[in-house]
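*Asks:* Construct the entire structure; sequences and hints are all you get.
Residue numbers (my numbering), protein chains in the order written: chain A, 1 to 264; chain B, 1 to 280.
No wet-lab data here; the hints were simulated from the structure.
A couple of the hints might just be wrong.
[Stated by the list, open to error] DMTMM-like, lysine to aspartate or glutamate: derived pairs with alpha carbons at most 25 Å apart: (1) K203/A / E149/A; (2) K278/B / D158/A; (3) K108/A / D53/B.
[To be verified] Listed below are several chain B residues computed to face chain A (Cβ distance under 10 Å; list not exhaustive): (4) S182; (5) S220; (6) S275.
Even for Gly, the Cβ is constructed at its ideal location relative to N, Cα and C.
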Amino acid sequence: MIRNINTNKKENGNQADNSRACGLHCLKIKDISVKMGEHVIIDNVNLHIHCGKVTVIIGRNGAGKTTLIKAILGEIDHSGSIEFMDLKDKSVENLKIGYVPQYVNIEKNTPMSVYDLFAGYISNVPIFLRKSKKVYETIRESLRVFDAEHLIDKRASDLSGGELQRVLLAIAITPIPNLLLLDEPVSGIDRKGMDLFYKNIQKLKENYDLAMIVVSHDFEFVRQYADHVILLDKTIKKEGTFEEVRQCEEFKKVFGRGIDEYSL
Amino acid sequence: MNILYDIMEKILPFSWVEYNFMKNALLAIIIITPLFGILGTMVINNRMAFFSDALGHSALTGIAVGTIFGISDTNISMVLYAIIFAILLNYIKRRKTLSTDTVISVFSSLSMSIGLMILSKGGNFSRYSSMLVGDILSITVKEVGLLCIIFFITLIYWLLAFNKLHSVGVNISLARSKNIKSNLLEDSFSILIAIIVMLSIKWVGILIINALLILPAATSRNIASNVREYHLFSILVAIFSGVIGLVLSFYLGTATGPTVVIIAAILFFATLFISSIKSK
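*Replies:* Printed below as a string of structure tokens:
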């Protein structure tokens, strides 16, 4: 990453010095709308996201947060466009998306090790036939980023919520994506697991050249880690820093006056 | 073929080997059961047990629709009908207006009733009742060959698609984020199941085919801890219960399909018992 070429001052101004993100990739989400029949779920959402930044989407239940994530993923039909650009030479690149789902449904007793779970997504070596040494090493490397390499031979259904989530994070960043989407990543995880998770997000932000969009209800997290906050209710009601969003009327309407207890 | 017969007569010191129909049946069992053992792992993982059951029940409708269109080869009409049925179910399932169970239930009962109505017209239904239990002893050499071809097609499919199919089963959005074509995979797998179920239903029987698909894999789940063990145990259980069931049915004079299923079920409960002791 060529960090000393300041093609876009505005973008680099905010960057922490220890960040590896170049700030030169940007993602333009233009006029995204999702309709189901007559029902409008997402209405004209425009987003501008840069690598190295954490954008957090907040909003009431049913505001369309998950739908927006799935539209960006391409899983749900939508109008509008998603463009991924290199600001250095204005070229449009292929966007690689990493995704951490809200939950994965692994039934108890499912005969699947973490290796199997992981390799299924990233490798073509049939997992029912053999363990590939090369893939095994790649997976261990990825898990190590989140201190989870010891889980590799465990059964996926035996993991705790926090452990499973670290595995899912590792899957999402293998290979390293340009955009990481996290849909309510801390639901069902205890406080200790949450703290670890937030540290991991910070680590990703500092060490990798990727942008993150996180759906979250945890205002403590939003306050500490969000570079940009979006209040969503069908469309973007308000965006800016957490402080800015917190002050607006819509925010108070959705989250009530009890908000002070969330924010410290 | 004769060479194969000779070999079987030499290595198997049993009186039933003298009969050619038993040799054919044994060959068919040795091909069908591992196939079912393999496919069953994914049917359970991706929660398709109800789907494959409905598919089996649609066999009669396939035959019935075939007679209307004048297709004399029941294999062709059954397979065609099952493929259309499978794709239709997947399509409706994806629209997410109803829960999957309900969709399958409604369509399966409708389809089966249509089949039974057509076939029972004029009181001819008894001709088809052998389909319910199946008769593996009547399989011919040519049909064993056909099963063999399907076996190899399935193996190739499994080598190419298993990882992706497995990933779709764990979480479809996550799979799509890795550029896995989930619809294509689900459809192709459903079609494969449709073809295999239809081509083996005459030998195994409508009433038991799903048991044969589910039991070996379910047994394996009780004791396996990763995907490799899951496959291995499932295949072993399937072949073991298939062969033992065939031989037992010969001596007891019972229908082969149910005998095989009972052996597999015994293994299921035995492994369930073992796993519950282990987890204590």
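*Asks:* Give a verdict on every hint.
*Replies:* So, going through the hints one by one against the coordinates:
no.: 1; hint: K203/A / E149/A; in the structure: holds, 17 Å
no.: 2; hint: K278/B / D158/A; in the structure: holds, 15 Å
no.: 3; hint: K108/A / D53/B; in the structure: holds, 23 Å
no.: 4; hint: S182; in the structure: holds, 9 Å
no.: 5; hint: S220; in the structure: holds, 7 Å
no.: 6; hint: S275; in the structure: holds, 8 Å
Violated hints: none; the structure is consistent with every hint.
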